[in-house]
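Fit chain B to the given chain A structure using the hints.
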Amino acid sequence: MGTKSKWLRLAALTGALALVLVACGDDGEGGGDGTETGGAPETITVLHDIGGEEEQAALQAALDAFEAATGHTVQPELTDDIATTLNIRVDGNNPPDVVLHPQPGALAAFAAEGALTPLADVGVTDFDGLVPGMVETGTFDGTIYGVVVKAAVSSLLWYRTDLVDTAPTTWDDLVALSGELADGGTTPWCIGIESGGATGWVTTNWIEDIVLGNEGGDGYDQWTSNELTFSSPEITAAFEQAAEIFFDEDFVVGGTTGIVNTPFGDAAVPMWQDPPGCALHRQAGFIEGSFTGEFGTDYNVALNPATNGGAVFSGNVAAVMTDSQAAGQLVEFLISAEGQEAWHSHAGSGSLSVRADFDTSLYPSASLSGQGELLAGASVARFDGSDLMPSAVGGNEFFSQLVAWLNGQDLATTLADIDAAWPA
Amino acid sequence: MKLLTALLAIVVGVGGIVVLFWGLNAAVDRLLPERWRDKARPWVFIGPAVLVVGLYLLYPAVDTIRRSFMDARSEGFVGLENYDWLVTDSSVREIVVNNLLWILVVPAAAVAIGLAVAVLADKLTARWENAAKSLIFLPMAISFVGASTIWGFIYAWRAEGQPQIGILNAIWTRLGGEPIAWLNQEAYNDFLLMAIMIWLQAGFAMVLLSAAIKNVPEDTIEAARIDGATEIQIFWRVVVPQIRSSIVVVGTTILILVLKVFDIILVTTGGDFGTDVVANRFITELFINRHAGRATVLVVFLIAVTIPFMIVNIRRFRAQEAER
Numbered sequence: 001m002g003t004k005s006k007w008l009r010l011a012a013l014t015g016a017l018a019l020v021l022v023a024c025g026d027d028g029e030g031g032g033d034g035t036e037t038g039g040a041p042e043t044i045t046v047l048h049d050i051g052g053e054e055e056q057a058a059l060q061a062a063l064d065a066f067e068a069a070t071g072h073t074v075q076p077e078l079t080d081d082i083a084t085t086l087n088i089r090v091d092g093n094n095p096p097d098v099v100l101h102p103q104p105g106a107l108a109a110f111a112a113e114g115a116l117t118p119l120a121d122v123g124v125t126d127f128d129g130l131v132p133g134m135v136e137t138g139t140f141d142g143t144i145y146g147v148v149v150k151a152a153v154s155s156l157l158w159y160r161t162d163l164v165d166t167a168p169t170t171w172d173d174l175v176a177l178s179g180e181l182a183d184g185g186t187t188p189w190c191i192g193i194e195s196g197g198a199t200g201w202v203t204t205n206w207i208e209d210i211v212l213g214n215e216g217g218d219g220y221d222q223w224t225s226n227e228l229t230f231s232s233p234e235i236t237a238a239f240e241q242a243a244e245i246f247f248d249e250d251f252v253v254g255g256t257t258g259i260v261n262t263p264f265g266d267a268a269v270p271m272w273q274d275p276p277g278c279a280l281h282r283q284a285g286f287i288e289g290s291f292t293g294e295f296g297t298d299y300n301v302a303l304n305p306a307t308n309g310g311a312v313f314s315g316n317v318a319a320v321m322t323d324s325q326a327a328g329q330l331v332e333f334l335i336s337a338e339g340q341e342a343w344h345s346h347a348g349s350g351s352l353s354v355r356a357d358f359d360t361s362l363y364p365s366a367s368l369s370g371q372g373e374l375l376a377g378a379s380v381a382r383f384d385g386s387d388l389m390p391s392a393v394g395g396n397e398f399f400s401q402l403v404a405w406l407n408g409q410d411l412a413t414t415l416a417d418i419d420a421a422w423p424a
Numbered sequence: 425m426k427l428l429t430a431l432l433a434i435v436v437g438v439g440g441i442v443v444l445f446w447g448l449n450a451a452v453d454r455l456l457p458e459r460w461r462d463k464a465r466p467w468v469f470i471g472p473a474v475l476v477v478g479l480y481l482l483y484p485a486v487d488t489i490r491r492s493f494m495d496a497r498s499e500g501f502v503g504l505e506n507y508d509w510l511v512t513d514s515s516v517r518e519i520v521v522n523n524l525l526w527i528l529v530v531p532a533a534a535v536a537i538g539l540a541v542a543v544l545a546d547k548l549t550a551r552w553e554n555a556a557k558s559l560i561f562l563p564m565a566i567s568f569v570g571a572s573t574i575w576g577f578i579y580a581w582r583a584e585g586q587p588q589i590g591i592l593n594a595i596w597t598r599l600g601g602e603p604i605a606w607l608n609q610e611a612y613n614d615f616l617l618m619a620i621m622i623w624l625q626a627g628f629a630m631v632l633l634s635a636a637i638k639n640v641p642e643d644t645i646e647a648a649r650i651d652g653a654t655e656i657q658i659f660w661r662v663v664v665p666q667i668r669s670s671i672v673v674v675g676t677t678i679l680i681l682v683l684k685v686f687d688i689i690l691v692t693t694g695g696d697f698g699t700d701v702v703a704n705r706f707i708t709e710l711f712i713n714r715h716a717g718r719a720t721v722l723v724v725f726l727i728a729v730t731i732p733f734m735i736v737n738i739r740r741f742r743a744q745e746a747e748r
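Keeping their order, the protein sequence lines are chains A and B. The first sequence begins at 1 in my numbering and counts up one residue at a time. The second sequence begins at 425 in my numbering and counts up one residue at a time.
Next up, chain A with everything else stripped away, as it sits in the complex (with noise of 0.2 Å):
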């Protein structure tokens, strides 16, 4: 009996002994329960899918700030798959306090199901000041659940300064550049799409600049809501449009296997070699970090004549998921002046403000500034439509789609495959 009695009684100390660790642990989750404004410090989780270092460090400036004027602590969680990421954490009932979700869409379908709360409900209700779509971006069936915090713009074109003297400004235009590109031997355009599972985001870029350009701002939002399908006469012509120049074999980089084939981080890199393998690369500003030229001398960025004159734009829509006041707080910082110059402003950032009222020449790069001042002038701003779609179409099959078309489908399957994908 003497051995038993030894290991029951070793067995009670470090039972006792879990117990303690247990309950004096690491720093306990707060968040999550509602206090009054202002009150006793609290934790606030923030889910954000924001990678790369120097993004990472403007997001922890604007961060600190709000922790240094509230005294409230921020824990930022990084994930890759925001869409797993939150779906697993909405159905296991844990929910950040924020998040910033590149996909309004999918925040459609949370609030629907009542996993947000409305920004005026944690003492959000001041939206001055802020550029003309950033708010409705945000809001689902009249309520506002969100707002844009962090923008770039998508419907830029980049260019070589030696080869293109002054951007065109309507598609013919565009369309006739290539053709002189492509008569004086320089293939015209760089188009890369790969992007694992993601393939064939960027093409639906390239779609949602036409759309925004043939039908205005109106037809825009018609398409995104599926009240204009995609089999319709106007978005048809859209892609058949874009089609003068996917399938033109002289005017891409290795033709539509080129585009397939060809990761979209890579994509520019023909742009910088000697001699130049092209001149024109639509894509949202990320792609400059590629660029190996000087801005200005060697390359320049206009919006996307497709557009005419408008301007597609993505971002990060912050939305609270609990009731939280703090985590009110932390989002009407986030679009006040002090949060977005904190966060914007920072070197290395490559992000661009979403108040109207914000200085341009705060950006950390002339070329950032360029954007800044396209995206203020724009005659119409709209968030980049796949994201506002529901994820089964603006997160799946609008890519999977694209790239069979660009590899042989038929354009009419391919639509009617897309607009078989909306949720009934």
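One side only, chain B facing chain A, incomplete, derived with CB under 7 Å:
| no. | residue |
| --- | --- |
| 1 | 581 |
| 2 | 605 |
| 3 | 712 |
One side only, chain B facing chain A, incomplete, derived with CB under 8 Å:
| no. | residue |
| --- | --- |
| 4 | 583 |
| 5 | 608 |
| 6 | 690 |
| 7 | 691 |
| 8 | 694 |
| 9 | 697 |
| 10 | 708 |
| 11 | 711 |
| 12 | 713 |
| 13 | 714 |
None of these hints come from the bench; they were simulated from the model. Backbone N, C-alpha and C define an ideal beta-carbon position, used for all residues, glycine too.
Quick look at chain B alone, frame taken from chain A:
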């Protein structure tokens, strides 16, 4: 602090289980009348394990089947609507056909290659045999995602004139061809992806079949040689029949793995170009489309297809064990 917590977790975990079983045993001794003790004891000892398996395996399985009859958010009953989708949707049909191809090709090819290497290596001296077998077995140490990334680079495509980083295209262009986007070719890209799995699993097949071959009694082979049989005849008529159980077990194990494969497709093509399979579509339906009804009906389909092979596998395994 974290190290201490980890150590404590191990001690408490292991110690806790010891205490649990000791306690259960003591309970049986003290609480039950004499004649029930030996009958109850096995159940008491197996009880915790059965409970855990029941909780983490059976309950979710039953819940999955339940959800296959419900709508996208598992809130309303929709009867056989999801099953109808499974049977009539053309994209699902294409996916099922792909899975069928995988089932037909991969186990057969992996077993064939494994068997061939086992037999041939058997004829080498011990040192070379070990070297050869180790090389074939090495890919098993690589994760599916790692292997898919490696092979993704083998199949990589760059435009004509650009340096080819994919080894297949590098060889192809040196031989004078234009670079081909291998994974985009819908006619045979499925087989290119299957090559990845065969490369991974052939080693497994080889190890098991090699052991089985070495277990074939030498006298039966000698007797066949004396009777004048050629090596090939010996292989097909003497060796193979005697290792049939092992072949079936290996084949079905690989087949069950094939039915689960999704990471290879997800990493290389994401399901595009007609390469999608059921398990990958399940993930798309559940996590991107958020349609629990369709996702679960795909899982039910997989379970239904797997069960017959599992039964065969277990039966053969038992027969094989009995033979030892």
